[in-house]
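Residue numbers (the working numbering), protein chains in the order written: chain U, 129 to 488; chain C, 24 to 698.
I should point out that these hints are in silico values taken from the structure, not numbers from a laboratory. In this text, a Cβ means the ideal position worked out from N, Cα and C, and glycines have one as well.
Residues on chain U that point at chain C, a partial pick, calculated with CB under 8 Å:
#: 1; residue: H195
#: 2; residue: R393
#: 3; residue: G420
#: 4; residue: H463
#: 5; residue: D465
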Amino acid sequence: MKARILDRADVLKVADLLREQGYEVIAPFRGRGRDTFFETITEENRKRFDLHLPNPYYPPKRFVFPHMERLLTVQKKNGDLLIEPIYKETKRALFGVRSCDVAGIYHLDRFYLGRDFRDIYYEKRRRNLFIVNVVCTDPGEDINNECFCMCADTGPAARDHFDLQLMDLGDEIMAVAGTAAGEALFDHAMFKKGTHAHQEKRAAILNDVRRHFKTTTSWFSATVRYVSQGGVLEKTWEEIGNRCLECGGCTYVCPACTCFTVSDRQTGPDEIERVRIWDACALAGFTRMAGGHNPRRAVHDRRNRRFFRKLAHYFIQRELSMACVGCGRCAAVCHGDVGMPSVVEMVRRATTESDTHEAN
Amino acid sequence: MAHKLTTCTFCGVGCGLYLETSGNRVVGVSPSMSHPANEGRICVRGWHVHEIIDAPDRLKRPLLRKNGRLQEVTWDEAFGFIVTRLKEIRDQHGSDSIAFLNSPRCSNEESYLLQKLARAVIKTNNVDHGAGVYSNYSLNVLLRMLGVPATTNSIRELGQSDVIIVDGVDLGRQLPTIGGAVIRARLKGAKLIVVDTRRHRVAENADIFLQHRPGTDTLLYGTMAKVIIDHGLMDLPFIKTHCQSYDAFLANVSSYDLLATAEICGVPAEQIEAAALAYGQAKSAAILYSTGIEAGDAESIEAMVNLCLLCGQLGREGAGIFSLTEHNNLQGVCDMGMLPDRLPGYGSVSSDAARGKIESLWNTGLPAERGMTAKWTLSHRGNGLVRAVWLCRYDPVSTAFIGEAAQSLQQCDLVVMQHLFLTPTAEYAHVVLPTTVFGEERVTFTSTERRIQLAEQVIEPPEGIEPAWLQLTRVAQAMGADWKYDSSAEVMNEISSVVPIYSGANYDNLARDYGRQWPCTREHPMGTQFLFAPGHPPQTFTFVPIEKSPQPVITNEEYPLTLVFGHSLYYWHQNVLIRHSETLKREYRMLLLDYPDGFVEISTDDAKRFNIRDGEKIRLRTTRGTSTTAARVTREVLSGTVYVPYFVSQVMQQLQGVPEKGVQLLPVRVEREAA
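Start from the sequences and build out the full structure, keeping to the hints where you can.
Below you can see the structure in the form of structure tokens.
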């Protein structure tokens, strides 16, 4: 991948460049307290722009997979049914997606586009999305107690699946092009060739940043094995289920969760619209079948299923990507503290149960 | 694409969340990480509130019943009809022939103006909120014993409690954010004691689970008090300084016997003792109970507050009484005076002083006689006295505990309904005024931790639709009142001049912070995180000696189980809002799909004992009647009990007649219908 250097002061010029190319440029901005949001960059808010700030809680997957999306309308007219799809093809540039979230969108790409059925709604949004990854380098702002991209191997600097990557080197920023579209920006004069010193600085900063991440999820890969091999005790899933309040939050905030439901709503006497809405396997009704059978009625069965989908080899091989990116949002959103980090810890602790020692 | 911080309007937690809009549509929702009550977490209802706001079957035009059918009319015609009929009925049958009922989910502004319309314009005290049967126990007990009718502390303080008692409420279902706070407190080392007949999610996490027989909790708490006294763990300095009637309480408590109680309650004596000692030795202990239909009778609440006073667990972080409101504004509607015997701010309607103060603020005389409760209005039509009922966002046909709402409304000469959708109640309405949904108006709600918060406007309502508070203003003006409110903020300004605990609140300061917890006054302009902090004006609290608790249900060989009726556990299943989200509809109504003809719940043990399978038809028999329904077998229910969800009222009627109280216990026999 090609890399260039630009002055820190010029960072918003990159956003302007994208806007000139017809993109609506969206970046994270501070709200109240720790709350941060993706907002369109405007004349008014650009002076509030921060390269480093807490990662927006509402995950950026919603720009390709909205929380609620109108899919089509059906109208009854003169005995005919007129079906009109509703596509969203606005060009958007997300100016400031964390490496974990980049991996999340890649996982969604694999799920929605990577197999036999290509989701056309997802495709149209994704094709028009330009991703600018910002590397987490500020331990005070970018990284929090819940982050574990190191364990999921998705950060702090994404290695791929972005159009452009910006890394703060201090007075300067290193820009890395991940795609042809990203590289095309380098024609602009603000991008200068870098030197070996810049490469070394990047390596040093990343080395230092890696030290700021949680270490307890170093058991992460072992958990992947345990889950894949069905080695987690039923008792452990029950303990996890006892703390779960079935809110669905872990699924909704997860950058790599894909589930949805579809609803037809009457919008007029002869008209309906179909909407797609985020759904969660955490919820009891998710697997209820017509006739009443529910293979995952018990909450601990649903927790079991979730972590299997997140971690098992089968899915990693199928999607060529793991369904957990280490962003830590599930830990923040969970009422009973059974997000990924805690579950990894509980699985680890439970393995001592299977230790058998003979005293004599 | 925009987002705005607002307050969730489902349950009493009042979580902070952001509504995401695109154009004039609400397209998403996400939790606020910095909000002090929920700190980044919301429940499944909150996660789907955007679907409800966006529901296309909203009522768009006012409806008037003509020739037996509801037909669209103009706003002028609707208001004209209402005013004419109200005047006619008042002139012909008197002011007290009209009743005003609202939902405990109504905003402060519309609740305040509804009772003002009733009292200042129509001149009746027939005002109440839909949950009036149950929560008013708590309100009255707390006013009597503590002097303040609300939760004494804040939700996030549960992280500081070292002992937490959760009584009779399934937090995981009703107030999940608080359920989470309790679970996490326990993970941090707090001792969790759950007192309940049902083994719910939070109970699975309890250190001590006192799964007692129905109706025996008062006995349990009294006995715990005795254990605490026997071990000398009471806080005598606190009692001496602040409490009255201790001696009477002491005399009463001394008659409890731990072993006898254990026998009656069906709970091991060591567990009761352990719970008592834990509470008695705690540095900061919290007692949580619900004011929903789950609420026990007044005695059990008195017993809990007695315990709290006995150990001086008040006036510091993590120590206190959490009287949890299951509906988002149950606290607020009571603060606003939607009560037949209390004015805004809780002064009694029969007190000349309390009434006089508001009479001078409103510049009009007010009625002094206690009004009718919601229950009385909707089950007996005030013994035939009520001719007209105004329902603000209230759907009693679906949600009223009382089984006769439909019948009563049918007999009324005028039923005015303000709502969002055509609810089952609309069938009995003469006029329907569609109004604004969450997100279409800027109004306030007061959460269970006394937090007065703004719910913001993020989209424009459909054309012609106005907030309920504005519709009430128009009606009052048309009836000759000189009301003038150009905005909901102005209504709040008046509220703050009438209700002392709200006197320091206004939309500016509420918007600047995460609302303000009352008392929010000149002395406490930033609000009050917890009540009764030392150094503040000395408080006097009152013990209440409890007469011997009623004997629990006597079961015998012929009627071996106890029937328990009336649990708000499944309230949200009937709520009209839930039906407007595909996901919530599925989650909540799944039970109704699985058991389409209704159900009662029995334990897995009893199912084995009586050879009953899940879903099977069973026959229930009491000394007074029989009923046939489906059985739902669940390990949540205590062996020896049969649970009847409150909305399965026909079962109760068949077995006993119209239920009189919040908790009704009967000895019952259960058989397979096929047998």
